[in-house]
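Novice: What follows is the residue order along each chain.
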Amino acid sequence: MICSHSLGTAGLTPFTRSANLKSLIMRFIHCADFHLGKPFGTFDEDTRAALKTARLDALRATGNLAMERGAELVLIAGDTFDAEAPPSRLVRRAIDIMADFSSITWIWMPGNHDSLAAVDLWERIERDRPENVILATKAEVIEIGQDVAILPAPPAVRSPGFDLTDWMTRAETGDRIRIGLAHGGVTDFGSEDGGLATIPPDRAEQSDLDYLALGDWHGQMAIGQKTWYAGSPEADGFKGHSEAGVLLVSIDARGTAPRVEPIPLGRYKWHRLEVSFFAGSDPVESMMMALPEADRAHALIKLIGSGRLTLSELARLKEACDGIADAFHYFDADLMKIGIKQNEDDLDLIAESGALRVAAESLLAETSTDGRTEEDAHIAQQALSHLFHLAQEVDQ
Amino acid sequence: MRLRKLILHNVRRFADKTVTLGPFGDGLTTITEENERGKSTFFDALHALIFHDYGSARKEIRDLQPYSGGAVQIAAEIELGSEAYRIEKLFNLKKAGSSARIISLATGAILKQADDAEQWIHDTILSSSKGPVGLLWVRQGTVGVDAAKAEAEGVDARRDVMSSVRGQIDAVTGGRRMDTILQRCRSELDAIATKGGKPKAGSQWKEAEDLAESLREQQAKLQKSVDALSHDLEMKKRLTKRLRELNDPALRARRGDAIKASQAELAAARDHDRRIKEAEQGLKLLMAQEQDIERTIKEIGSLRDRREALRQAISEREATLAKIKQAKAQVQAAMAQQQATISEKEAERCSLSDALTRARQQERSREKRRRLIALGTLLASLQEPLSRLAEAERILKMPTASPADLERLANLEHRRDIAREKRKIHFSSFLLSSQGEQAKCASAILPDGEAQLIDRPLDITLPGFGGIQLRPAEGAAQAIEDPDALQAEINATLGALGFETVTAARAAHDVHRKAQDAKQLAQAQIRASAPDGREALRREQDQLCTELGCSIEQAASLLVDDNANAPRTLETMEHGLRDLDEALSALRGSLPKLQDRFTHAANALTEAEVLLGERRKALADLAPPADEEAQLDQSIRARNELAPKLATARAQVNQLQQQAPDLAAADAAHQRALQADEQDRKEIHLQETELARLNGAIQTQSEGAVEEKLAEVSGRLTRALERAAQFASHAKAIDLLITHLEAARAQAQETYFEPIRQELLPLLRQLHAGADFQIDADKLLIDTITRNGITDKVDVLSGGAYEQIAILTRLAFAKLFAKRGSHVPIILDDALVHTDDERISTMFNMLAQMAKDQQIIVLSCRTRAFSDLGGERAFISEGREDSPREH
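Protein sequence lines, in the order shown, are assigned to chains A and B. 396 is the number that the UniProt record's numbering gives the last residue of the first sequence; the numbers go up by one with no jumps. 887 is the number that the UniProt record's numbering gives the last residue of the second sequence; the numbers go up by one with no jumps.
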């Protein structure tokens with residue numbers, strides 16, 4: 001089945017004007033995985049509120065970007081919402097933002113988080129959507145003007161378990177530019193949620209697509225020349241994805257290679273910093289070097305320390321972490337994996353001799369994982385660090 | 001270190017004087033001086049020399065200054081290994097000129113001065129790193145170490161016993177630092193955890209746990225809501241799909257067409273059905289006419305058949321009636337014959353009955369005669385027992401004695417005989433032999449040659465002599481009855497009974513008893529023969545004679561004649577009578593059967609006559625009408641005319657029925673089409689209602705943002721669990737730290753004190769055999785002592801015992817230090833003031849024993865007691881040494 005749409009009120013898009021459209025450049029924004037309403041429950045209340053607001057702002061930023069860069073089509077490749085039944089006000093906000101950009105056509109497809117199983121959600125969107133929003137809720141060709149065919153593969157349920165894009169091969173679109181729109185993991189890559197990946201990586205080639213716009217993976221990624229994950233416009237975790245944003249895609253003509261430009265949009269930068277510390281080097285300096293300098297107020301830091309430090313170095317590092325945490329929007333230092341390096345001076349700071357020294361040495365011996373669990377070794381490390389700390393305080 | 005000599009100048013009572021105390025030997029040195037001789041001054045000065053900086057102006061230094069003032073100078077000569085040194089200090093008390101020097105006694109060279117000298121003292125004598133202590137000091141009344149007090153009082157306290165030992169022990173066991181850290185750890189652990197390692201109420205850990213629990217509950221509730229939402233969404237999806245299917249226009253059009261088609265088919269079927277019914281109605285009409293004709297023909301035939309049947313029945317009944325009448329007559333004749341036979345038998349019986357009555361009367365007369373004869377015999381046999389009865393009754397009327405009387409008489413005779421014999425024994429007797437007139441007593445003659453008892457006063461008249469009075473002995477008659485009185489009683493009793501002697505009384509009693517027996521026997525025989533008495537027998541005899549009209553003898557002769565035939569005649573007649581009765585009974589018994597047969601025959605005859613009458617009447621009633629034949633012919637003609645019409649009508653109906661559409665099927669098809677449409681509409685209505693409900697539920701959940709809340713709560717739960725885990729980990733870490741600290745301290749204490757214990761144990765057992773103890777690491781003193789299995793705190797001991805233990809502890813420390821190469825002088829300053837003489841001797845022995853490889857300096861004011869201590873003696877001498885320094 002084919003569904004034809006004339007574009008909004010402007011009617012000025014390059015691919016709707018006339019018969020000579022093929023000579024014009026088609027430009028659109030490929031985005032996905034806004035995950036509006038994502039709760040971020042592991043964070044404190046202020047951080048949660050800020051992160052949630054940022055995701056809605058990213059939608060507006062996408063519209064602004066489309067306006068700025070002359071893209072009158074925005075393809076949303078699923079997971080606009082984080083849940084199947086988001087609050088109605090949130091749905092309303094999202095629709096309103098799209099409506100604000102009336103000259104832009106939004107092709108809006110469900111993802112696995114907001115799949116078609118969310119019947120109520122999509123009914124509400126269908127009911128309330130403005131004219132410039134086209135819902136890609138059926139696996140059928142959406143004709144945009146005379147030159148573009150969108151081939152969506154909306155997930156009917158959260159985990160369909162089969163390849164929804166298979167039908168694209170059989171879809172008749174004439175001379176139109178064929179743009180596939182799908183959500184999920186590719187066969188050799190996997191899904192963001194760890195679900196069964198079913199989209200073949202060469203789907204674009206198999207189905208003669210000019211571009212396959214994918215959603216689900218939260219980092220921007222090219223699977224092939226014509227196949228891209230847009231990633232989440234606003235980062236949402238410490239997985240170490242590339243910079244969050246959207247893709248500006250330009251296609252000169254049917255059969256030509258698309259030009260894809262990743263455009264960062266995310267307000268908050270999530271940094272997973274894995275720092276190896278070495279006894280003898282300044283751990284504070286090592287940490288500072290790893291930390292971003294710019295826009296710390298919008299940086300979320302997860303520092304994971306490893307290596308070995310002396311007790312005094314570890315104490316200094318902890319102190320430094322405590323001191324710098326407030327500079328960032330969020331700062332979490334996991335120093336549990338840092339081993340204790342035996343250092344006479346450190347033990348001397350606890351006691352040069354006597355029972356305290358004996359206790360410190362016996363605890364130090366237990367920080368080794370030889371013959372004991374990591375947890376037990378870590379407990380011993382905590383105990384030794386605490387002894388070190390108390391010994392300094394008592395001396396004071 | 002060994003102390004050799006102390007030199008003071010201008011110290012307290014030695015104002016402006018130089019005094020020396022020494023020399024001190026390698027082993028035991030005693031200084032026994034009376035009080036106020038300055039012993040303590042020397043050792044206070046030694047404290048100041050070792051423990052106070054030369055620039056000090058503390059009270060301890062000022063106290064050494066004499067009233068006249070001036071700088072206090074103190075010097076000590078010591079040996080460290082093979083080197084001898086002189087330590088000098090001048091305390092000028094806030095004035096310039098204070099100094100300290102270390103001088104080599106071998107060369108006289110000044111080795112250290114001022115602060116260097118102080119450092120030398122500290123490093124060489126006091127530093128715990130170089131040796132345990134400089135010296136051990138036990139002063140009177142100072143036996144323990146208060147660690148806290150020592151720390152608080154600083155240097156002053158170091159004058160107390162073993163303060164430097166305290167420092168070293170602290171270094172080994174961690175001391176106050178260890179205590180503080182342990183205390184901090186325990187406080188921190190106590191703030192968050194219970195003793196069982198669980199989160200403590202009110203702690204941050206517990207708050208985190210509680211929060212996690214609360215979030216877990218929220219999560220579970222939200223999960224339910226989310227599950228419900230998912231379910232509702234799924235349901236809505238299904239409903240929507242189903243509604244879409246139900247509202248499909250094609251389906252709706254199909255439903256409408258189906259209804260119309262089924263409706264048309266149903267109308268056609270109904271029309272055909274109507275035509276069938278009309279044809280069937282016509283056929284039914286013809287069939288009714290046919291049935292009427294057939295019925296008429298059948299009725300006429302039936303009437304004819306009935307008439308013939310009635311005639312046949314009347315004929316049969318008439319034959320039966322004749323047979324019944326014949327049988328009745330036969331029964332009636334048999335009954336008359338039977339009645340005649342009965343009358344004959346009854347007459348015969350009457351005759352025989354009269355003869356039998358007469359025979360029975362004769363038999364009764366014979367019985368009376370036999371009784372009359374028997375009564376005569378019986379009355380004759382009663383004569384003999386009646387005679388014995390009369391004799392017995394005669395004897396019984398004579399006097400007799402009862403058994404009680406005889407018993408009483410026998411008793412009196414027995415008592416009398418005993419009294420006589422007793423008198424013979426108890427009373428004297430005499431014999432008289434008169435030559436003339438016989439003697440008399442109370443006018444009774446006393447026979448000669450007969451023994452006379454003097455059992456009462458006897459006034460005897462002796463003819464020719466006069467008289468003589470004899471008296472029984474006083475009291476001889478006591479308890480002996482008077483035989484004469486008893487005899488008199490016997491006689492009186494016999495007299496009352498009417499007998500002269502007891503023998504006569506007994507004989508009369510025997511006769512009387514035998515008569516009684518004879519009387520009873522005779523009475524029994526009479527009662528057996530004549531229970532009602534002899535007179536009754538005589539009356540019966542007289543009555544029978546009267547009735548029979550003859551005497552006994554006549555009766556006997558008549559009886560002999562009758563006995564021959566009478567019984568047999570009577571028996572024969574009775575048999576004959578019984579036979580007649582039986583025959584009569586049999587005849588009478590058969591008569592009712594004959595009567596019944598007669599009655600039955602009579603009834604059967606009546607019944608047969610009635611039935612015959614009825615049949616005849618019925619036959620009369622069924623007399624054929626005049627037009628019966630014509631009517632039959634007419635009906636047969638009509639039936640023949642109707643037959644082809646019926647065939648035509650049946651063929652028409654069959655044809656219509658064969659051509660008929662299935663009305664029920666058409667109706668069912670139409671109903672099915674209607675129902676399908678109706679069900680669709682109903683389902684649409686239901687689905688729409690359910691959809692509206694689901695929409696409401698979904699909207700409610702959506703507005704509640706349950707998924708978002710669930711994800712948020714899950715995140716918060718993760719965070720709370722992490723936080724709780726951090727606290728748990730922290731608690732475990734502190735617990736582990738405490739464990740390690742306590743173990744290390746316990747090990748250190750054991751390591752440090754065990755050797756001391758080994759040294760102290762043999763010393764202590766010299767005072768307390770078999771005792772054991774535990775050392776208090778804080779007080780550096782024995783904490784508990786165990787003797788004979790009983791453990792006591794050491795501070796409950798007497799002052800003397802406590803003092804001894806304190807000294808022994810120091811001796812043990814010193815001995816251990818000596819073994820490790822650090823000789824430590826022990827100074828006992830009036831330290832055994834509370835010890836009794838016996839114990840002090842033991843203590844002296846131990847001091848002497850210890851002094852073999854240990855310098856011990858003992859100061860005491862108890863000159864006499866300590867004179868037995870032995871060892872070398874040191875003295876205070878004035879002016880024999882140079883002042884400590886030359887300035």
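I should point out that these hints are in silico values taken from the structure, not numbers from a laboratory. The beta carbon of each residue, even a glycine, is placed where N, CA and C say it ideally should be. Please note: incorrect hints may appear among the correct ones.
Computed from the model, here is a short list of chain B residues facing chain A with C-beta under 7 Å [to be verified]:
1. M178
2. L182
3. S225
4. A228
5. L229
6. I297
7. K298
8. E712
9. T718
Novice: State the violated hints by number, sorted upward, taking the hints as numbered earlier in the document.
Specialist: Hints 2, 3, 4, 6 and 7 are the ones this structure does not satisfy, whereas the remaining hints hold.
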